[in-house]
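S.K.: Using the sequences and the accompanying hints, generate a full structural model.
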Amino acid sequence: MASLFAFALTLYFSYCFTLFSSTPNFNFSTDEYALLVFRNTITSDPPALLRANWSSNISVCNWIGVSCGTKHRRVTALNVSGFHLGGTIPPHLANLTFLRSLDISSNSFTGSMPSELSNFCRLKELNVGINSLASTEIPSWLGRLSQLEHLYLNNNTFSGTIPLSLFNISRLRTLDMSYNFLDGNLPEKITNFSFLGTLKLVGNKLTGSIPNGLFNMSSLTEINMRQNKLSGILPKDMW
Numbered sequence: 002m003a004s005l006f007a008f009a010l011t012l013y014f015s016y017c018f019t020l021f022s023s024t025p026n027f028n029f030s031t032d033e034y035a036l037l038v039f040r041n042t043i044t045s046d047p048p049a050l051l052r053a054n055w056s057s058n059i060s061v062c063n064w065i066g067v068s069c070g071t072k073h074r075r076v077t078a079l080n081v082s083g084f085h086l087g088g089t090i091p092p093h094l095a096n097l098t099f100l101r102s103l104d105i106s107s108n109s110f111t112g113s114m115p116s117e118l119s120n121f122c123r124l125k126e127l128n129v130g131i132n133s134l135a136s137t138e139i140p141s142w143l144g145r146l147s148q149l150e151h152l153y154l155n156n157n158t159f160s161g162t163i164p165l166s167l168f169n170i171s172r173l174r175t176l177d178m179s180y181n182f183l184d185g186n187l188p189e190k191i192t193n194f195s196f197l198g199t200l201k202l203v204g205n206k207l208t209g210s211i212p213n214g215l216f217n218m219s220s221l222t223e224i225n226m227r228q229n230k231l232s233g234i235l236p237k238d239m240w
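Residue numbers (the numbering used here): 2 to 240.
Calculated directly from the structure, the hints in this document are not laboratory data. Mixed in with the good hints there might be a few duds.
To be verified - Computed spacing ranges between beta-carbons, pair by pair: (1) L165 - S136: 18 to 24 Å; (2) I234 - S82: 31 to 37 Å; (3) L165 - N54: 40 to 46 Å.
Unchecked claim - Calculated pairs, DSSO-like style, for lysine-lysine (alpha carbon to alpha carbon, straight line, at most 27 Å): (4) K125 - K190; (5) K125 - K201; (6) K190 - K201; (7) K206 - K230; (8) K206 - K190; (9) K230 - K190.
C-beta atoms are modelled at their ideal positions from N, C-alpha and C, and glycine is treated no differently.
M.R.: Okay, structure coming up:
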């Protein structure tokens, strides 16, 4: 088993290395270009925050909502939460290869999440909550974000069942899929999360029984599954 795990880990890091080494021009300028493409796809920016601030005349590390690493000066975080932005998410954001946190919550983004974002090998937090993203299923490629610790998909229009690939994210600590249109059963695999502390599924159309193993997850400190059609009883101290 240990050798199998080591082999899988080697494959993962080989994938990341291949991704980065096969694109030798990924650098500070690449980050700037990716963000400018993102800015240009914005169709609504009432406060003109991006149009006024994101300029090639200013270092990208000084742009509003952007954070860079102190050593390599690459973009490590993008936070435009509550900027009143509208538009779509361009695949070019995947070129931010050092990104650890992406927060576009509380805006009016529409459309789907491009599969290119599955290349975020370093991403630890992804927050797309409170938008109008996708009337389709939650992307299965999210399961490839193996470093992810916090995932917020709440208050969008995702539908269908919960993809089993999500349970490949072994490091996940926060999972919020509240207020979407998810249906089907709550997969038994949800008990595979060893570090999950917060689980929010309120306001969906989930049916069936609550997995028994959920009550044995010692890491869980917050859980909300109200406004579904699930059966079973949760201990009061878990609400």
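S.K.: Hints first: check each against the structure and report whether it holds.
M.R.: Quick rundown of the hints versus the structure:
{"no.": "1", "hint": "L165 - S136: 18 to 24 Å", "in the structure": "holds, 21 Å"}
{"no.": "2", "hint": "I234 - S82: 31 to 37 Å", "in the structure": "holds, 36 Å"}
{"no.": "3", "hint": "L165 - N54: 40 to 46 Å", "in the structure": "holds, 41 Å"}
{"no.": "4", "hint": "K125 - K190", "in the structure": "holds, 21 Å"}
{"no.": "5", "hint": "K125 - K201", "in the structure": "holds, 18 Å"}
{"no.": "6", "hint": "K190 - K201", "in the structure": "holds, 16 Å"}
{"no.": "7", "hint": "K206 - K230", "in the structure": "holds, 6 Å"}
{"no.": "8", "hint": "K206 - K190", "in the structure": "holds, 19 Å"}
{"no.": "9", "hint": "K230 - K190", "in the structure": "holds, 19 Å"}
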